[in-house]
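Dock the two chains into a complex; use the hints.
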Amino acid sequence: MYVDQIAAIPDDALLYRRAIPRFIDWSVLDETGAPRLTSGCFQYLSEEEARKRGYSGPAMSIGLDRVLADLGHSPMEMLEGFEPTYGLAVLRAGAVREKHQGIFARPTPQEPWHGVIFCSDDSIKRKTLHSMLAEIAKWYHVPARQ
Amino acid sequence: MPDSATYKETGSELSRREWRWSTHTAGLGASETLSGQVTVNAYPSMLNLAYSAGVSFVRTYWPPPWVAQAVGELNELLALPSGWDTYGAPPVSYDAADLGLRVLTSVMRPQSRMPRIGPTAEGGVSFEWYKNGVELLMEVTPSRQVTAFFRDRHTKEAWEGDLNDAPARFWHELVVLSQVT
Chain S
80 MYVDQIAAIP DDALLYRRAI PRFIDWSVLD ETGAPRLTSG CFQYLSEEEA RKRGYSGPAM
140 SIGLDRVLAD LGHSPMEMLE GFEPTYGLAV LRAGAVREKH QGIFARPTPQ EPWHGVIFCS
200 DDSIKRKTLH SMLAEIAKWY HVPARQ
Chain U
4 MPDSATYKET GSELSRREWR WSTHTAGLGA SETLSGQVTV NAYPSMLNLA YSAGVSFVRT
64 YWPPPWVAQA VGELNELLAL PSGWDTYGAP PVSYDAADLG LRVLTSVMRP QSRMPRIGPT
124 AEGGVSFEWY KNGVELLMEV TPSRQVTAFF RDRHTKEAWE GDLNDAPARF WHELVVLSQV
184 T
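Taken in order, these protein sequences are the chains called S and U.
Using the working numbering, the first residue of the first sequence is number 80, and each one after it goes up by one.
Using the working numbering, the first residue of the second sequence is number 4, and each one after it goes up by one.
Excised from the complex, chain U in its bound form (with noise of 0.2 Å):
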C-alpha cells in the first residue's frame, strides 16, 4: 500500500507538478505493476509551493486516504481470472487498471468519497457514484478509451460518451456524489 508520495518541481520543469506513488508495486505479482506518475490536477493547497529559481526540492505528502484503497482494489481486479462474472468475462487489463487510476486521481480530491470500483465485461475498470436515484460512472476500456455516464432515475435525464465530452451535469453531480456525507 503506498504509504507516501513525492511532489517534485524543477526549474525546468516549472508547470509540471507529478506524484510519485511510491509503492504503488506493493501486493502486485511479479509481472504486473502498478508503478508509474499520477498526474494531480485537484490539489489547490499544493499550489502555492515557494520555488526559487534553479533550485530543485523534493518533499513528501501523504497521499489522500483513498488512494490506497483504490490501489489495493484495483490490484484485487488485476487478480481476477477469466470468468470472473460467472459468465466468460475476460479477466480485467493492466493498461485499463493503470489508466483508471490516474482518471480517478485526476478528478478526486483529497477528501472525496470512494466510487464502487469494479471490472466491465470487455475487461476494462469502472468507477461508480450512486446517491438517491442518481447514477454516475467512468470507464476505462483495455483500449484506454475513458467514457462516462449519468443517469437520473427520477427524471430520466441521461448522458454517456467520452469523458473529455461530458456535460457540466456530470461534473456537477461528480462533485455532489463524491463528496463525503
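The shape of chain S in the complex, shown without the other chains (with noise of 0.2 Å):
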C-alpha cells in the first residue's frame, strides 16, 4: 500500500517531472511565452505497468527537490544527457495533495532523487487527474523549441 510521506514531503517541497517535446504544445503560449505543459506530461502509470514495477496502483515519478538538494544538485540534473528541447516542470506537494495525491520517496540507482506521486482517492477519473496537475504545474525550465 502507498503511504503519503507528509513529514518527509512537505507541501512546501516541489516536485519536477521531465517533460518530452511530443508534450509540449508551442501553438499555445503563456504571458511569457512559455508553450502549454499538456496532459500527456502528467500520465500515470497503468495499474498494469505499475504492477510490474513494484507499485500497488497507478503511479506517476517525480523528482524530489530535497533529495536533489541533499546530493548537492540541481533540479537541471534530472535533465542531463537530454536534448535541449526537453524541459522541466514542477509541482507544489500541497497542490498536488489538494488534488487528492500523495507523494513518497522511490530512489533508484540512476535517480536517487527518484519519488513518485499516488492517487489516494479512487473516485477521481485519471484523464482528468492527468488534466488537472497539467493545470497546476508550472516551468521550472522551458526547453528549447524543436
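These are calculated hints, taken from the structure and not from any lab test.
Derived EDC-like pairs (lysine to aspartate or glutamate); straight-line CA-CA distance at most 20 Å:
#, chain 1, residue 1, chain 2, residue 2
1, U, 134, S, 104
2, S, 204, U, 155
3, S, 217, U, 155
4, S, 217, S, 156
5, S, 204, U, 165
6, U, 159, S, 177
7, S, 178, S, 214
8, U, 159, S, 200
9, S, 204, U, 131
Ranges between beta-carbon positions, derived for each pair:
#, chain 1, residue 1, chain 2, residue 2, range
10, S, 130, U, 89, 18 to 28 Å
11, S, 105, U, 146, 29 to 39 Å
12, U, 155, S, 202, 12 to 22 Å
13, S, 156, U, 86, 15 to 25 Å
The structure presented is a predicted model; accordingly, all values stated were derived computationally and were not measured.
For glycine and all other residues, C-beta sits at the position ideal for the given N, C-alpha and C.
Below, the structure is given as C-alpha cells:
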C-alpha cells in the first residue's frame, strides 16, 4: 500500500517532472512566451505497468527537490543527457495533495531523488487528474523550441 | 505517404463504403504496417455517387490533407523505443495505432484541424485538441479500448469514459475544436 510521506515531503516541497517535446504545445503560449504543458506530460502508469514495477497502483514518477539539494544537485540534473528540447515542470507538493494525491520517495540507482505521486482517491478519474496536474504545473526550465 | 484513396461500391455491397489508403505502408519497418481499410462516415459529398445495379466501379480521390500527416505521426510513434517518456514507458502498440487511425478517420472531416497525436504511458495513442481552456482527448489503448475525455478549465466541467458513451458536450466540443480557424 502507498503511504503519503507528509513529514518527509512537506507541502512546500517541490516535485519535478521531465517534459518530453511531444507533450509540449508550442502553439499555445503563456504571457511569458512559454509553451503549454499538456496532460500527456503527467500521465500515470496504468495499473498493469505500475504492478510490473512493484507499485501497488497507478503512479507517476517525479524528482524530489530536497533529495536533489541534499545530494548537491540542481533540479537541472534531471535533464542531464537529454536534448535541449526537453523541459522540466514543477509541482508544489501541497497543490498535488489538494488534488487527493499522495507522494513518497522511491530512489533508484540512476535517480536517487526519484519519487512517486499516487492517487489516494479512486473516485478521481485518470484523465481528469492528468489534466488537473497539467493545469497547476509550472515551468522550472522552459525547453528550446523544437 | 498516402497519395490517393480508392472508394469502392458494388452491387452486392451497396451499404458498405470503404476507403483503401493505397500507400499506408510507406515509411514503416518491414515488420509493421498500417495498411488496411479505413471506414469513413463523415464524407457526405461522397454519398451522391451514381450507382447502377450490377455495375462495379472504382473512383480515386485525394485523401484529406490531414491523413498523410496523421499516418506520418503514427509511424513516428511506432518507432519510439521503450522508455520514450524518460520514465520507462513501453513502446506504442501497433494495434493501438491502427485502431487510432480508424477512429480518427471516423470523427474527422476533410477540412478538420489535426489534433496533437501522442503516445500514452501504457503504449497506446492519444489525440488531443485544445483551445481556450477546453481540452478534448481520445485515446486508444493497446487492448483496443477507445476512451474519450473533455474538460473545461473555466467551468471545471469534465467527463471521461468510453467513446461510445460520450455525451453531447463532447461531440459539440469536437466540432468546435477541430474547426480550422
